[in-house]
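**Q** For this one, chain G is given, so just place chain C on it according to the hints.
As you go down the protein sequences, you meet chains G and C in turn. Those letters in the first sequence? Residues 1 to 106, by the UniProt record's numbering. Those letters in the second sequence? Residues 1 to 106, by the UniProt record's numbering.
Keep in mind that the hints were calculated from the coordinates and are not lab data. Backbone N, C-alpha and C fix where the C-beta goes; we use that ideal spot for every residue, glycine too.
Calculated from the model, a selection of chain C residues having no Cβ within reach of chain G, i.e. all distances over 10 Å: (1) Thr-26; (2) Tyr-27; (3) Glu-29; (4) Asn-36; (5) Ala-38; (6) Gln-39; (7) Lys-40; (8) Gln-41; (9) Gly-43; (10) His-73; (11) Tyr-74; (12) Ala-79.
Derived pair list, reagent style DSS-like, types lysine-lysine, alpha-carbon separation capped at 25 Å: (13) G:Lys-92 <-> C:Lys-106; (14) G:Lys-92 <-> C:Lys-97; (15) C:Lys-40 <-> C:Lys-82; (16) G:Lys-40 <-> C:Lys-92; (17) G:Lys-68 <-> C:Lys-97; (18) G:Lys-97 <-> G:Lys-62; (19) C:Lys-92 <-> G:Lys-106; (20) G:Lys-82 <-> C:Lys-106; (21) G:Lys-62 <-> C:Lys-97; (22) C:Lys-7 <-> G:Lys-68; (23) G:Lys-7 <-> C:Lys-97; (24) C:Lys-71 <-> G:Lys-97; (25) C:Lys-7 <-> G:Lys-89; (26) C:Lys-68 <-> G:Lys-7; (27) C:Lys-62 <-> G:Lys-97; (28) G:Lys-40 <-> G:Lys-7; (29) C:Lys-7 <-> G:Lys-97; (30) G:Lys-92 <-> C:Lys-92; (31) C:Lys-89 <-> G:Lys-106; (32) G:Lys-97 <-> C:Lys-97.
Here is how the chains run, residue by residue.
Protein chains: 2
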Amino acid sequence: MIAQTPKPPYYAVIFSSIRTSEDDNTYAEMAELMINLAQKQEGFLGAEIARDSIGITVSYWKDLQSIKQWKNHYQHQIAQRKGQNQWYKSYKTRIAKVEQDYSFRK
Amino acid sequence: MIAQTPKPPYYAVIFSSIRTSEDDNTYAEMAELMINLAQKQEGFLGAEIARDSIGITVSYWKDLQSIKQWKNHYQHQIAQRKGQNQWYKSYKTRIAKVEQDYSFRK
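Okay, chain G solo, but in the shape it has when bound:
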C-alpha cells in the first residue's frame, strides 16, 4: 500500500538490502515485529516495503529526531545486530528530506 503521508517537508529513510542465503522464519517474524513497533513510535508517518532480488523499505518520519529515536530503540537495536550477524549480506540506509511529492490515482 502506498503510504498516506502529509504535505512535505517530512523525512524518508530508504533502507536497501541484500539478504544472505540463510532463509529462516525468524527474519519474517522480526520484520513484522519491527514494522508494528515502528508504527507506535512518535513521528512515524508510514512505510512502504517491496522485495525481490533487492529489498527496499522506505519509512517516513516527521523529523530527524524521531528517526534517531527509532534507530536507538532497544528492540530495534537487537534487530539491527541480528541483521548484521545473520540476515543481510549488505545494506545501505539513506536519510532524506522529502521536499515535494505528487500522486496519481485512477
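**A** Same frame as chain G, now just chain C:
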C-alpha cells in the same frame, strides 16, 4: 543491486506504484527502456528497483535540475502517459534530498 552513490548531499526520487491487473509485456519492455535511458542522462547516479504487491523504484540524481530534465524527457513523457492510461492504478512520487547515508557489507 544496491546503488553506489557518492557522498551526500544528492537527490532521491522515490516512485511507489500499484499496477493495474492488465498484464502485458509492454510494461516490462518500457520499464527496461526507461532505466537504460535514465542511465544516460546528465546527473543520474544510480537506481534500485523492487516489486511485489507494491513497486518501489528509487533513482538517485545529482540535483533538482537533472530530475526535472529527466521528468520532461520526451520518451519518458510518453512512458508517463502510458503509465497513467494503462499500467498504474495509483502511484506517488517523492523528491527528497539525501542528507546522510551509511552502509554495511559482510
